[in-house]
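Chains as they are written, first to last, in my numbering: chain A, 405 to 476; chain B, 5 to 277.
Simulated from the structure, these hints should not be mistaken for laboratory data. Please note that a few of the clues may not be correct.
A partial selection of chain B residues facing chain A, derived with a Cβ cut-off under 7 Å [said to hold, decoys possible]:
1) Lys12
2) Ser13
3) Val101
4) Thr265
Built from N, CA and C at the ideal position, the CB exists for glycine as well.
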Amino acid sequence: MSQITATPHGGAIVVPVVPLLKLGTWVVFFGLLAMLAIFFVSADQGAISFPAGNAVHEWVHDARHLLGFPCH
Amino acid sequence: MSTVSQDKSVLTPAAFLIRGLAVGLVAGLLAFVVAFALGEPTIDDAIALEDAAAAQMTPQEVAAEEAAAAEEDHSGMVAVSRDNQKSWGLLTGTVVVGAALGGLTALAAAAVIGRLGNLSARGSTALVALLGFVSIVLVPFAKYPSTPPAVGDGETIGGRTASYFALVLISVLAVIAAVVIANKLRARVDGWTATGIVAAGYIAVVAVAAALLPSVNELGDFPADLLWYFRRSSLLTLMTLWAAIGVGLVALLGRLHDTATADANRRELAANL
Ligand SMILES: [Zn+2]
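Input sequences plus hints: build the corresponding full structure.
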C-alpha cells in the first residue's frame with residue numbers, strides 16, 4: 405500500500421516527530437540511569453570500588469571480559 | 005512534506021523507551037546464549053593457563069603474592085563459583101547492558117526519526133543502531149580489544165579503564181556531531197557527498213584520539229590462537245547484542261511510527277474538512 409496520502413492542500417504528508425525539548429528530559433534521566441547500570445557491569449570494583457569488596461566484580465566477571473571492558 | 009509534533013501523538017519518549025528496554029532485554033538474552041556457547045570455553049582455557057602458571061611459582065613468589073594479598077582490605081570479599089559466573093553472572097551482565105543500550109538506542113532513534121531528510125522511521129532506526137555498534141564497539145575494539153582472564157596487570161586497571169572509556173566517549177560524541185553536521189550539509193550538497201565528508205571527519209577524529217591515547221601491551225606469552233578465539237567470541241557476542249537491538253527496534257519503532265503517521269494524517273484531514 406502506498407505511503408503517500410493525498411491531503412487537501414497540495415498532497416503534503418504529515419510526518420510526526422518527537423518534540424526535542426520533551427525528549428531531552430528523558431535522555432538526561434535515562435542516560436544517568438543507563439550509565440550507572442553500565443558502570444556496575446563494566447568497571448565497579450576494578451578501577452573504582454563502590455561498595456568495598458569484590459562481590460559485584462566477581463558476579464559479572466565473565467560478562468565484563470566478553471563485552472569488551474577492561475577487567476584483569 | 006511537513007513535520008509536526010502534537011501533544012496527542014502516540015510518539016512519546018516513554019513509548020520509545022519502553023520498546024528500547026524490552027528489545028534490549030531480549031538482545032541481552034541472545035548475547036548471553038552466544039557468550040555462553042562460544043566465549044565461556046575460551047575463558048575456561050584462559051583460567052586453566054592462569055592456574056597452571058600459579059602452580060609453577062617458586063615458594064618465595066607464592067609467599068610474596070600472599071603477603072601482597074594480605075595487605076589489601078578484605079572486607080566484603082566473596083568467592084563466586086565458576087558455575088555461577090558463567091551462567092547467572094554472565095546473564096546478569098549481558099541483560100543489564102542490553103537493556104541500557106537498548107533504551108539509549110531507542111531514545112537516540114526518537115531524536116532523529118522524521119528529521120533525516122527522506123529517510124524513513126525504519127531507515128533512521130537502523131542507521132542509529134549501526135552507528136551505535138560502530139562507535140561504541142568496533143572503533144574502541146580496534147585500539148583496546150577485549151582481553152581474556154590471565155592477560156593484564158592488576159596495577160594498570162585504572163589507567164586502562166580510563167583510556168578505554170575516553171575513546172568510547174570521543175567516538176560517540178564524534179558520531180553524534182557527524183550526524184548533525186551531515187544533516188546541515190544536505191542543504192548545500194547531495195546526501196552521499198554529505199555522508200562522505202562527515203565519515204572522513206569521524207575517522208580523522210577517532211584516528212587522532214586513538215593515536216594520542218596510551219597503548220596497552222600486557223599479553224606476555226599468552227597463546228595467540230586462544231587469544232584470537234576469545235576475541236572472536238567477544239566480538240560475536242557484541243554483534244549479536246547490537247544486531248538484535250537494531251532488528252528489534254526497526255520492527256517495533258517502525259510500527260509505532262506507522263500508527264502515529266496514520267493518526268496525524270487523519271487529524272490533519274479532519275481539520276481541513
Ligand atoms: Zn577478569
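Classify the hint on threonine 265 (chain B) as holds or violated, based on whether any CB of chain A lies nearer than 7 Å to its CB. Since chain A brings a Cβ to about 6 Å from threonine 265 (chain B), closer than 7 Å, the hint holds.
Interface hint check: valine 101 (chain B), Cβ to nearest Cβ on chain A, cutoff 7 Å. Holds or violated? 5 Å, holds
Go through the hint on lysine 12 (chain B) and say holds or violated, using the shortest Cβ distance to chain A against 7 Å. 10 Å, violated
Regarding the hint that serine 13 (chain B) lies at the interface with chain A, is the smallest CB-CB distance below 7 Å? Hint on serine 13 (chain B): holds, closest Cβ of chain A at ~5 Å, below 7 Å.
Hint check: a violation occurs at hint 1 only; the rest are consistent with the structure.
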